[in-house]
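In this note's numbering, the protein residues as written are 1 to 246.
Be aware that one or more of the hints could be misleading.
[To be verified] In silico EDC-like links for lysine to aspartate or glutamate, alpha-carbon gap of 20 angstroms or less:
(1) 206 / 194
(2) 141 / 210
(3) 206 / 33
(4) 169 / 29
Quick caveat, the hints were computed from the structure, so don't treat them as lab data.
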Amino acid sequence: MAWDRTNTFLAERIGTWLMGAIARSLRVDIVGDDMLEELAAQHGPICFCGWHNRLLVPLYHHRFNEGYVLVSEHTDGELIGRVLQHWGYTLIRGSTTHGAVRALIQAVRVVRSGHSIGITPDGPRGPRYVVQPGLIFLAQKARCPIVPMGFASSRRWRFRSWDRFEVPKPWARAAIRYGEPIFVPAELAEEDVELWRRRVEEGLMKVTREAEAALGLPPEEEADGTTPDGHRGAAGAARPGGGSLE
Numbered sequence: 001m002a003w004d005r006t007n008t009f010l011a012e013r014i015g016t017w018l019m020g021a022i023a024r025s026l027r028v029d030i031v032g033d034d035m036l037e038e039l040a041a042q043h044g045p046i047c048f049c050g051w052h053n054r055l056l057v058p059l060y061h062h063r064f065n066e067g068y069v070l071v072s073e074h075t076d077g078e079l080i081g082r083v084l085q086h087w088g089y090t091l092i093r094g095s096t097t098h099g100a101v102r103a104l105i106q107a108v109r110v111v112r113s114g115h116s117i118g119i120t121p122d123g124p125r126g127p128r129y130v131v132q133p134g135l136i137f138l139a140q141k142a143r144c145p146i147v148p149m150g151f152a153s154s155r156r157w158r159f160r161s162w163d164r165f166e167v168p169k170p171w172a173r174a175a176i177r178y179g180e181p182i183f184v185p186a187e188l189a190e191e192d193v194e195l196w197r198r199r200v201e202e203g204l205m206k207v208t209r210e211a212e213a214a215l216g217l218p219p220e221e222e223a224d225g226t227t228p229d230g231h232r233g234a235a236g237a238a239r240p241g242g243g244s245l246e
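Please construct the entire structure, taking both the sequences and the accompanying hints into account.
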């Protein structure tokens, strides 16, 4: 037990230092964040969303702003959660599969109390690049605008996990793109949830493509393994979870 606690402590400290060092070394081009201050002044707290496999650098960019982050109760969320706490975030524990209702209620309360929140709407277990409807319910109940965040890096390590989790390599070029805010209506029929879910998903894919294009990268495959032009990529076949590098 003591050995496990020691390993966890070391992984937390090393992970926090390493992720921070990598993020600081990147040459990051940011577009679209100039509207955030005015958006918050007019509409209050913001619900930022980004894909699970690209979350680290955008969250580092927003560190120490009294923000909250929804982090899964799965084991793989524990280390990320500890790193985010060192970056000044308060954690809300839960996901679409564990503690979903409790986490959603807490997230609504947090936003209504005046705090912005960050969510990875395809986590914690996917499918990759598919927005789950919980984000739509949060925006509807909390009356907060959704702002999609896209991220890409010119060089990165990619893990063989369900989301092909990415860690940029030191000194790589990187890009963060913010999309137009999405306002989910307060009154929403059940059949309209899918419409708004797709709207957010399309907004996220759009800013992701913009970040990739800014670096001259080819588009990442969609959740079904196809690129926007309809061609099937090498990553199209589903891969089992795991932490090994490609």
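Verification of the supplied hints:
no., hint, result
1, 206 / 194, "holds, 18 angstroms"
2, 141 / 210, "violated, 30 angstroms"
3, 206 / 33, "holds, 16 angstroms"
4, 169 / 29, "holds, 16 angstroms"
Of the numbered hints stated above, the single one contradicted by the structure is hint 2.
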